[in-house]
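> Chain by chain, the residues:
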Amino acid sequence: MAKVLSFLTATRGKGRLHWTDWVSYGYLIFGVFLMFGPVVWLLLSSFKTPNELDRFPPRFLPYAQETLVVDGYDEPLLAFVVTEGELEGQTVGQTRRAAGRSEVVSPSNPTERVRLTTDQLEPIEGIAFATENYTQLFERFNFLKFFWNSTFITVTATVLMLLFNSMAAFALSKYEFRGRTTVLLLVIGTLMIPQTVVLVPLFLIVTELGMFNSLWGVIIPGAATPTGVFLLRQYMITIPDEILDAARMDKASEWKIFWRIILPLSAPAIAVLAILAIMWRWNDFLWPLIVLTRTENFTLQLALNSFQGELQTDWPSLLAMTVLTLLPIAAVFMFLQKYIATGIASTGGK
Amino acid sequence: MLKILTPMMRIIEVPMLALQRKIGINRLAWAFLLPNLVLFGLFAFLPVILNVFYAMTGGDNVLLADRPDVGMRNFAQLLDCSNHFDPNSCREDKFWRAVWNTIWFVVLQVGFMVGFALLTALILNRDIRARGFFRSVFFFPVLLSPVVVALVWKWILQREGVLNAFLDWTGAGGINWLVDAQWAFGWSVFISVWAHMGFYTLILLAGLQAIPRDVYDAALMDRASAWRTFRRITLPLLSPTMLVVLILALIKGVQTFDEIYAFTGGGPGTATTFIIQYIYERGFAGAPRLFGLAAAASLLVAGVLVVLTLVQLRISKENADG
Numbered sequence: 001m002a003k004v005l006s007f008l009t010a011t012r013g014k015g016r017l018h019w020t021d022w023v024s025y026g027y028l029i030f031g032v033f034l035m036f037g038p039v040v041w042l043l044l045s046s047f048k049t050p051n052e053l054d055r056f057p058p059r060f061l062p063y064a065q066e067t068l069v070v071d072g073y074d075e076p077l078l079a080f081v082v083t084e085g086e087l088e089g090q091t092v093g094q095t096r097r098a099a100g101r102s103e104v105v106s107p108s109n110p111t112e113r114v115r116l117t118t119d120q121l122e123p124i125e126g127i128a129f130a131t132e133n134y135t136q137l138f139e140r141f142n143f144l145k146f147f148w149n150s151t152f153i154t155v156t157a158t159v160l161m162l163l164f165n166s167m168a169a170f171a172l173s174k175y176e177f178r179g180r181t182t183v184l185l186l187v188i189g190t191l192m193i194p195q196t197v198v199l200v201p202l203f204l205i206v207t208e209l210g211m212f213n214s215l216w217g218v219i220i221p222g223a224a225t226p227t228g229v230f231l232l233r234q235y236m237i238t239i240p241d242e243i244l245d246a247a248r249m250d251k252a253s254e255w256k257i258f259w260r261i262i263l264p265l266s267a268p269a270i271a272v273l274a275i276l277a278i279m280w281r282w283n284d285f286l287w288p289l290i291v292l293t294r295t296e297n298f299t300l301q302l303a304l305n306s307f308q309g310e311l312q313t314d315w316p317s318l319l320a321m322t323v324l325t326l327l328p329i330a331a332v333f334m335f336l337q338k339y340i341a342t343g344i345a346s347t348g349g350k
Numbered sequence: 001m002l003k004i005l006t007p008m009m010r011i012i013e014v015p016m017l018a019l020q021r022k023i024g025i026n027r028l029a030w031a032f033l034l035p036n037l038v039l040f041g042l043f044a045f046l047p048v049i050l051n052v053f054y055a056m057t058g059g060d061n062v063l064l065a066d067r068p069d070v071g072m073r074n075f076a077q078l079l080d081c082s083n084h085f086d087p088n089s090c091r092e093d094k095f096w097r098a099v100w101n102t103i104w105f106v107v108l109q110v111g112f113m114v115g116f117a118l119l120t121a122l123i124l125n126r127d128i129r130a131r132g133f134f135r136s137v138f139f140f141p142v143l144l145s146p147v148v149v150a151l152v153w154k155w156i157l158q159r160e161g162v163l164n165a166f167l168d169w170t171g172a173g174g175i176n177w178l179v180d181a182q183w184a185f186g187w188s189v190f191i192s193v194w195a196h197m198g199f200y201t202l203i204l205l206a207g208l209q210a211i212p213r214d215v216y217d218a219a220l221m222d223r224a225s226a227w228r229t230f231r232r233i234t235l236p237l238l239s240p241t242m243l244v245v246l247i248l249a250l251i252k253g254v255q256t257f258d259e260i261y262a263f264t265g266g267g268p269g270t271a272t273t274f275i276i277q278y279i280y281e282r283g284f285a286g287a288p289r290l291f292g293l294a295a296a297a298s299l300l301v302a303g304v305l306v307v308l309t310l311v312q313l314r315i316s317k318e319n320a321d322g
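Protein chains in written order, with this note's numbering: chain A, 1 to 350; chain B, 1 to 322.
Hints should not be assumed to be uniformly reliable.
As the list claims (entries may be wrong) - Here are the computed distance ranges between Cβ atoms for each label pair:
#, chain 1, residue 1, chain 2, residue 2, range
1, A, L144, B, M72, 48 to 58 Å
2, B, G59, A, I239, 47 to 57 Å
3, B, G269, A, E139, 30 to 40 Å
Keep in mind the hints are simulated off the structure, nothing from the lab.
Quick reminder that beta carbons are idealized off the backbone N, C-alpha and C, glycines included.
Could you build all of it, start to finish, from the sequences and the hints given here?
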């Protein structure tokens, strides 16, 4: 135990690597495999043909059988190499296949068809990224509709949330008024009420407001968050009051001060909150599951969940859809990961 | 974006200016607060109050006026057990199964997650090359949606998945992971730790980096052993952060639903049904919709969460003050 801890706490000296450094790097590299591996596997799998997906044991990279164009045949033929018999070593295209026997032609002699048993043939395969799984999403499912629903909810909810939360934060940080402490306590109070424990009455209110099975039923209840108010208030407090006073001398209205001075100055905090809001809304699941029950209203998350729930899981489409669902978030991650980390650490991720 | 925003803001300015002239600058604060407070009122405070009414009424009607008053009977039904440790002896056995599943899940998940987060944070806090890269590697799954997390692992764990292929190859033979109750539960804990660990690692790492270097230098001067330094310096100085992490993890753990619901659907049987799923199923998924039971169960969960949140706020305040 003491040894284990000595490596955790010791810092590396100059020059040679201590054995504890090897263990540390070993752990971290194992971490890379464990954290990225599953997602990479999903990504590679999504480019496999349905046949290849059924294959057990699976292969790491996507493969597909190559095809051969032979004179006199309109369609390309599946390519095989002959493993025994007269034509051994030759590449042939399969023209017909029935009950363990195949009829093949050689591209060098397209008029002569030869009959062989299947065990005399071995398929020629090459690495090929199949895109059918993706194109199928657009043809067979209403993918664009789900994508649009998710995007609409995310964008609208984020914009509304940023506006409302920054207005409230402005009032709570820059005005002295009676009841300010009470309002602050109320905001803290809402921190204690996660959506998960008020599902039933929330459902009633949303239904009564006519927002059941409407995207607004997801957008509006999520538009005010205590976390957002706190985050922005902490930031706005640091903006000096003198700037406001100067603007008031110039007869700027309070609203103008808010959107012309406070908002631009709070841009870093607003950016952090925007990233968080986008993430929350895009990944949201339980509340949309309750409010949106018709397929045409589904968000991507709901669509993914309902497709996998069907008796026969359609993995080819499901894999492609999963990739497309995580893609926007992965892109955000790559470009903005520094901000995300600080943002989440400062809000407690709520 | 700005092109739409600017005219919008100009339009809002007209009524706001009129209001400002009428009520003065300081009272204008309420106008700024209004949209947020209306939303908080409608979607946070009002539901809390209504929840109590739902918990005390029966039937499957969503309109409160049409619901018969049943007093405390919903709570009685939930809590009626001859032996609370044995769900089979309970009237609402599914509730107690969910309760015990949740308790076990939270204990295991929080334990493993905070343990591994601490280990990872300690390693990342060493003099590591490419620390930023490794930090974001562990953080990456935090961004994935619960459904995506569930599907990524379901694809690996399915009967003809890559894990079974590997086990076949080593000669151990495959296992139908999500069909076996204990394996399904174990994997639920695992994917939950996998998905959320990075977040807590980040907080703990920040806590570790806030410990002043000279404390360690002093320990080095005194030739304190590494173990002693860890026990006497790192752990005590990190304990406020640890406590916050622990409480946050507990609050979230109790509310676990999304990823496990998409992962196992609560099964096999009720092996991975947790308390929020119980509420969802009683209130929304099954017929008849037993809103009363769902609301009563929500209130019990809310009680636990309020206590945890108060503890958390208290600790955060002490941290900030001290």
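> Each hint: holds or not?
Do the hints match the structure? See the list:
1. A/L144 with B/M72: 48 to 58 Å: Taking Cβ atoms as reference, A/L144 and B/M72 lie about 50 Å apart, which means the hint holds.
2. B/G59 with A/I239: 47 to 57 Å: Holds - the Cβ-Cβ distance for B/G59 and A/I239, about 53 Å, lies within 47 to 57 Å.
3. B/G269 with A/E139: 30 to 40 Å: 38 Å, holds
When the structure is compared with the earlier hints, no violation turns up for any of them.
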